[in-house]
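*Asks:* Spelled out from the first residue to the last, the chains are:
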Amino acid sequence: MSRRITAIMLGCLVLATFAQAKDHPGKAQILKDGYQGPKTCEKCHHGKAKEFLGTVHWKHASKVDHVDNINPNEEYGMKNRIYTMCNGNDIVNNLKEVPPNALGKTKFTGCNTCHPGDHTSDVGSTGPEAEQAIDCLICHSSKYDFSKRKPVKDNNGKVVMTQDRSTEAAANIGRPTIKNCMVCHEAAGGGAMIKRGFSMSKEAEVHVSKGIICVDCHQVKNHKFPTGRDPNNWAHDGIYMTCAGECHSETPHKDADYNRHTAKIACQTCHIPKTGGAFSKDFTKWEKQSNGFYEPSTLKREVNETSPVYAWYNLTVSNTPQFIGPKGSRTDGKSKIYPFKIFQGKAYFNKKNGQLLSMDFAPPIANGDSLAGVASAAKILGIKDYEPVPGWQTIYFGSNHQVTPKNKALSCANCHAVNGVLNFKELGYGSKEVDKLTNPELYFEKLLKQQQENE
Amino acid sequence: MKKIISIIMVMALMLISSLTVVKTASAEEMKMTGTITKIALAADGKSATAVLKDSKTEALVTITITDDLTLDKFKDKRIVEGDEIRTKYDAEGGKNTSKMFKKTAGC
Numbered sequence: 000m001s002r003r004i005t006a007i008m009l010g011c012l013v014l015a016t017f018a019q020a021k022d023h024p025g026k027a028q029i030l031k032d033g034y035q036g037p038k039t040c041e042k043c044h045h046g047k048a049k050e051f052l053g054t055v056h057w058k059h060a061s062k063v064d065h066v067d068n069i070n071p072n073e074e075y076g077m078k079n080r081i082y083t084m085c086n087g088n089d090i091v092n093n094l095k096e097v098p099p100n101a102l103g104k105t106k107f108t109g110c111n112t113c114h115p116g117d118h119t120s121d122v123g124s125t126g127p128e129a130e131q132a133i134d135c136l137i138c139h140s141s142k143y144d145f146s147k148r149k150p151v152k153d154n155n156g157k158v159v160m161t162q163d164r165s166t167e168a169a170a171n172i173g174r175p176t177i178k179n180c181m182v183c184h185e186a187a188g189g190g191a192m193i194k195r196g197f198s199m200s201k202e203a204e205v206h207v208s209k210g211i212i213c214v215d216c217h218q219v220k221n222h223k224f225p226t227g228r229d230p231n232n233w234a235h236d237g238i239y240m241t242c243a244g245e246c247h248s249e250t251p252h253k254d255a256d257y258n259r260h261t262a263k264i265a266c267q268t269c270h271i272p273k274t275g276g277a278f279s280k281d282f283t284k285w286e287k288q289s290n291g292f293y294e295p296s297t298l299k300r301e302v303n304e305t306s307p308v309y310a311w312y313n314l315t316v317s318n319t320p321q322f323i324g325p326k327g328s329r330t331d332g333k334s335k336i337y338p339f340k341i342f343q344g345k346a347y348f349n350k351k352n353g354q355l356l357s358m359d360f361a362p363p364i365a366n367g368d369s370l371a372g373v374a375s376a377a378k379i380l381g382i383k384d385y386e387p388v389p390g391w392q393t394i395y396f397g398s399n400h401q402v403t404p405k406n407k408a409l410s411c412a413n414c415h416a417v418n419g420v421l422n423f424k425e426l427g428y429g430s431k432e433v434d435k436l437t438n439p440e441l442y443f444e445k446l447l448k449q450q451q452e453n454e
Numbered sequence: 000m001k002k003i004i005s006i007i008m009v010m011a012l013m014l015i016s017s018l019t020v021v022k023t024a025s026a027e028e029m030k031m032t033g034t035i036t037k038i039a040l041a042a043d044g045k046s047a048t049a050v051l052k053d054s055k056t057e058a059l060v061t062i063t064i065t066d067d068l069t070l071d072k073f074k075d076k077r078i079v080e081g082d083e084i085r086t087k088y089d090a091e092g093g094k095n096t097s098k099m100f101k102k103t104a105g106c
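Each protein sequence line maps, in turn, to chains R and A. With numbering that gives the first Met the number 0, the residue at position 167 of the first sequence is 166, and numbering never jumps. With numbering that gives the first Met the number 0, the residue at position 77 of the second sequence is 76, and numbering never jumps.
Extracted from the complex, chain R is given alone in its bound form (with noise of 0.2 Å):
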């Protein structure tokens, strides 16, 4: 089995070093005619333009058939969906200048500038238009200039996110490194690490540490990107992955012990034992910043610093304003223990319908009125009979990345002993089934054996 493994990673690797040493066929063309643009790379990869506009990275959205209380018959994601890590979403918070600063100063925001288009072409966008407006070099050039992105406003005054269109970007095309996904997604939440707490560096991820890539897990065809089933990733393409499936067999331990564990325990669960980031943020709160900006609030950890949650999780989400996390339970026969960070957000309620609102956050960052920013939101949603009181929202964050070597995973004695990290009785297990549970007959004879050959 773990001879398989290493045949699949020695295969990625060798995969990976022939694509860096092999030049992208297109290259010679491209320095000869510079770069236009999608039609530059349509003349030979016909159609890919079109097809990239009805991905979830253009439409920030998508149908969701596994959550409560809403319409099976929408969409939903960024574009229009409302919480409490970011309380807006691309349409109240549609990519601006914020009103100038007690300094005078003034800058733009966004939820948008994650948008890999030019902002005239905006999220979900169509048409021929919308077509050569989408930044293919983000994911694909590794000489990208990242000076060159970025909101200004063009002639007519109107907000636009400029692109590197250079022909040395152009002439530089391969598959997407970890480093063009982290562009958007180390920074999701508001900053790096933020929203969920996981690095990808070599030290700190086994699979990165053998060449393993954001792209080789998330094997991706014709733009759609498969994804998991975290609770508060609700946007996708149509295709599930998890860690079980292309890459490793439900049974991948030598150790049958291990094994027998899987059926109810999800492998992050023992292989993720770590979690970090924003774990509380106050949006009615925002903070002078020196510069003279607000920002919300937030109480954050170090990457790898807080541990997670753990609860059953049948893979379907539980959706009320102050509450979006996991459904399940131990007896439901479909659910399996997984590790979460818990995120608590204060924001506004609507008194009337008791349903969390919404902020633009341009009249808050300015000078820290965090009502203003609800009263701009409610007006551009067309919002009129509401009354806002702050509140707590309870949120559930899947932890999906960020494997340990394998020496750290959780062995039998981190979930077994009496202070292990599982709390059973809390997990639904009786009180003679938690005193089973926490006894060291489980696993004495197996790790005495591990001791005395390690010494």
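These aren't lab readings, by the way, just hints derived from the structure by calculation. Accuracy of the hints is not assured; some may be wrong.
What the hints assert, rightly or not - SDA-like mimics (lysine to any residue), calculated; alpha carbons at most 20 Å apart, straight line:
no., chain 1, residue 1, chain 2, residue 2
1, A, K87, R, E301
2, R, K106, A, G81
3, A, K87, R, A186
4, R, K142, A, K45
5, R, K147, A, G81
6, R, K147, A, K55
7, R, K178, A, V79
8, A, K55, R, S289
9, A, K87, R, K147
Unchecked claim - Some chain A residues near chain R, calculated using beta-carbon distances under 8 Å:
no., residue
10, E27
11, M29
12, T32
13, K55
14, K76
15, R77
16, E91
17, K94
18, T96
By construction, the Cβ of each residue, glycine as well, lies at the ideal position given by its N, Cα and C atoms.
Could you slot chain A onto chain R? The hints should help.
*Replies:* Structure of chain A alone, referenced to chain R:
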């Protein structure tokens, strides 16, 4: 054989940890937020210095960066002069070595 290796490992660990103790004893961890006024990459690409203007005191502080991820962000200009940075660094013997170097960002 295994035993010898583990003894060597333990000795190596002790050596490393004793070194770390010595280091932390004399280095002082500092924190600041400031705007980058200048970035200079070393010729070998393995380190860089950034001059930051402290947002509170306006003092200029030079910080040495050696971690690959941040160096990469200088090279492809994901971090450029004019960006506001939050940093943690060790101040020791007149040299400030970065332990964290991140762009500030809202949400």
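*Asks:* Starting from K55/A, check that the Cα of S289/R is at most 20 Å away, please.
*Replies:* This hinted pair holds, its Cα atoms lying about 6 Å apart.
*Asks:* Holds or violated: is the Cβ of K76/A closer than 8 Å to a Cβ in chain R?
*Replies:* Since the shortest Cβ distance to chain R is 4 Å, the answer is holds.
*Asks:* For the pair we were handed, K178/R and V79/A, check the Cα-Cα distance against 20 Å.
*Replies:* holds, 17 Å
*Asks:* Are R77/A and chain R close enough, Cβ to Cβ, to be under 8 Å, as the hint says?
*Replies:* holds, 4 Å
*Asks:* Sort out whether K55/A lies within 20 Å of K147/R, counting only the CA atoms.
*Replies:* violated, 29 Å
*Asks:* Measure nothing beyond the straight line between the CA atoms of K142/R and K45/A; if it is 20 Å or shorter, mark the hint as holding.
*Replies:* OK: K142/R and K45/A at ~18 Å, within 20 Å.
*Asks:* Per the CB criterion, is K55/A less than 8 Å away from chain R?
*Replies:* holds, 6 Å
*Asks:* Go through the hint on E91/A and say holds or violated, using the shortest Cβ distance to chain R against 8 Å.
*Replies:* violated, 21 Å
*Asks:* For the restraint on T32/A, tell me whether the closest CB of chain R is nearer than 8 Å.
*Replies:* Holds: closest Cβ of chain R sits about 6 Å from T32/A, inside 8 Å.
*Asks:* Take a quick look at whether K87/A and K147/R sit within 20 Å of each other, Cα to Cα.
*Replies:* At roughly 28 Å apart (the allowed maximum being 20 Å), K147/R and K87/A break the hint.
*Asks:* Please verify whether K87/A and E301/R have alpha carbons no more than 20 Å apart.
*Replies:* holds, 12 Å
*Asks:* Any CB of chain R closer than 8 Å to the CB of E27/A?
*Replies:* violated, 19 Å
The structure shown violates the earlier hints numbered 6, 9, 10, 11, 16, 17, 18.
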